[in-house]
Amino acid sequence: MDVERTTLPGIGLRHTFTSERGRRIAVISHRSGHRDVVIYDRADPDTATETVSLSRDEADGMAELLATSRVEERLAELSRQAEGLTSEQIAITTGSPYDGRTLGDTGARSRTGASIVAVVRNGEVIASPRPDFRFRGGDVVVVVGTADGTAAVAEILTDG
Amino acid sequence: MHSSALLLFELGAIVLGLGLLGAVSVRFGFSPIPLYLLAGLAFGQGGLVPLATSDAFISAGAEIGVILLLFTLGLEYTTTELVTTLRRSAPVGLVDLVLNAAPGVAAGFLLGWGPIAAVVLGGVTYVTSSGITAKLLGDLDWIGHRETPVVLSLLVLEDLAMIAYLPILAALLVGTGPLDAAATLGVAAVAVTVVLVVSLRFGRRVESFLHSPSEEVLLLKVFGTTLLVAGAAQSLQVSAAVGAFLVGVVLSGPVAHTAHTLITPLRDLFAAVFFVFFGFSTNPADLPPVAAIAALLAAAGILTKLATGWIAASRAGIGPIGRARAGAALIPRGEFNIVIAGLAVAANVHPDLGALAAAYVLILAITGPLAARAAEPLARLVRQRHDGA
Numbered sequence: 003m004d005v006e007r008t009t010l011p012g013i014g015l016r017h018t019f020t021s022e023r024g025r026r027i028a029v030i031s032h033r034s035g036h037r038d039v040v041i042y043d044r045a046d047p048d049t050a051t052e053t054v055s056l057s058r059d060e061a062d063g064m065a066e067l068l069a070t071s072r073v074e075e076r077l078a079e080l081s082r083q084a085e086g087l088t089s090e091q092i093a094i095t096t097g098s099p100y101d102g103r104t105l106g107d108t109g110a111r112s113r114t115g116a117s118i119v120a121v122v123r124n125g126e127v128i129a130s131p132r133p134d135f136r137f138r139g140g141d142v143v144v145v146v147g148t149a150d151g152t153a154a155v156a157e158i159l160t161d162g
Numbered sequence: 002m003h004s005s006a007l008l009l010f011e012l013g014a015i016v017l018g019l020g021l022l023g024a025v026s027v028r029f030g031f032s033p034i035p036l037y038l039l040a041g042l043a044f045g046q047g048g049l050v051p052l053a054t055s056d057a058f059i060s061a062g063a064e065i066g067v068i069l070l071l072f073t074l075g076l077e078y079t080t081t082e083l084v085t086t087l088r089r090s091a092p093v094g095l096v097d098l099v100l101n102a103a104p105g106v107a108a109g110f111l112l113g114w115g116p117i118a119a120v121v122l123g124g125v126t127y128v129t130s131s132g133i134t135a136k137l138l139g140d141l142d143w144i145g146h147r148e149t150p151v152v153l154s155l156l157v158l159e160d161l162a163m164i165a166y167l168p169i170l171a172a173l174l175v176g177t178g179p180l181d182a183a184a185t186l187g188v189a190a191v192a193v194t195v196v197l198v199v200s201l202r203f204g205r206r207v208e209s210f211l212h213s214p215s216e217e218v219l220l221l222k223v224f225g226t227t228l229l230v231a232g233a234a235q236s237l238q239v240s241a242a243v244g245a246f247l248v249g250v251v252l253s254g255p256v257a258h259t260a261h262t263l264i265t266p267l268r269d270l271f272a273a274v275f276f277v278f279f280g281f282s283t284n285p286a287d288l289p290p291v292a293a294i295a296a297l298l299a300a301a302g303i304l305t306k307l308a309t310g311w312i313a314a315s316r317a318g319i320g321p322i323g324r325a326r327a328g329a330a331l332i333p334r335g336e337f338n339i340v341i342a343g344l345a346v347a348a349n350v351h352p353d354l355g356a357l358a359a360a361y362v363l364i365l366a367i368t369g370p371l372a373a374r375a376a377e378p379l380a381r382l383v384r385q386r387h388d389g390a
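Going line by line, the protein sequences match chains A and B. With positions in the first sequence counted from 1, the corresponding number in the numbering used here is that position plus 2. With positions in the second sequence counted from 1, the corresponding number in the numbering used here is that position plus 1.
Bear in mind the hints are in silico, worked out from the structure with no lab data behind them. No false leads were slipped in.
In silico contact screen, one side only, chain B against chain A (beta carbon under 8 Å); selected entries:
(1) His-146
(2) Ser-154
(3) Gly-323
These figures come from a predicted structure and were not determined experimentally. Think of the CB as a built atom: it goes at the ideal place given N, C-alpha and C, for glycine as much as any other residue.
Looking at chain A on its own, in the form it has when it is part of the complex (with noise of 0.2 Å):
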């Protein structure tokens, strides 16, 4: 993304981008905190056709709301690393040792040291499944350990 930087003085800073869908935006930030953001005309890209004025509190707030998943996603990826842990996300396909059978029954947390930590089904998190919990073709488990413990546990899905 190009951001052109361009002062306005007197009032303080602009920054304009053109979005991938070819749409121009502005946020000006004036010296007193509070911001503007600008939309531009579709077809003069000179004029402005919307100016919504923030506080300083909303414009914060704003700038959560648009950070927020990416944040959350790259703090996920931090506490991975950090731990030396990895998760993986394996799926049942339905020729599968363990389609129909019980998470007990893989016994991954004995033999492997990485748990299975959710299964998502038809687009929905099962958190912290039971090991009376049965498996189905189209799961997806997520493990979380060691790179070699949840590679076993890949190996005991997919193989028995």
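Fit chain B to the given chain A structure using the hints.
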């Protein structure tokens, strides 16, 4: 009646009257400057209700008004902004200067008022009112438009030009001969350079001297420093206004921000007094004879500013509608045109000069904002016609 009671009555009536006029201007969304001028005309010599006792106070107040106007203007810009703008947009600034000073200079010579009057009138027709224009950009939601930085840089360059112009004018008005004038200019140039270097190198120290957690202390320190520097500049014949402007430029950061909020009400009061004072010293009877010339100059002033904005914006790669907006935003004239004319009137350059400047500013302070409102719809209409044809 006791004279101090009379003084209070007159001052109270004037300031209250200005407040009411200000309310009218706020109601209709235009600059109060023309109304203040009209009020001054009504109360001054040859006006409807001439005042007598408060003259001395008003003239001192007017002096402070000019100083505060320039000081807050200097506060608007940081030194780095001034320097980078000068580096980047100097050619456009030159176009602005040449195009817009030309009608005034020509009028000065054509009327046979002499070279000094020509220099004064050039200044009067040149400067855009940064106060009115900045307010206009905010009111019309034009700050986001792409040509706005172009408009703002032009305003900055005009203010820089004023730093050079005011000492030149001061030297010419003193009129002691070319050698003295050159000496004054030399002093001015040195003073400006010193101030800019000080502000770039030691800006922090100046701020920490002025800084105070108490707003009261800060206000007194800043106001006192500004008046002192303005007085020093005046005694070097560099013009008090330039001194005040430079103090404003040196200040930046939190001190500047607080000073701005603290000084603004003071400035509003004294600036209003200044406009009234200017109206005072103009005889309303002098207006009709110069009205035609003022109207011609105003028409020229509209065209030259439109051309300036058009050229400057197209140089920045902006389309026709943005160019029209840039030109229209530059049309308003106001405070500094009157400041310049005020200096000339004080030096008795020509008896009709004050009236001409007053009429000129009256016309453009009112039509400028109207023109800005009309510019965009008109530009779109012209383009549609053009596209349709």
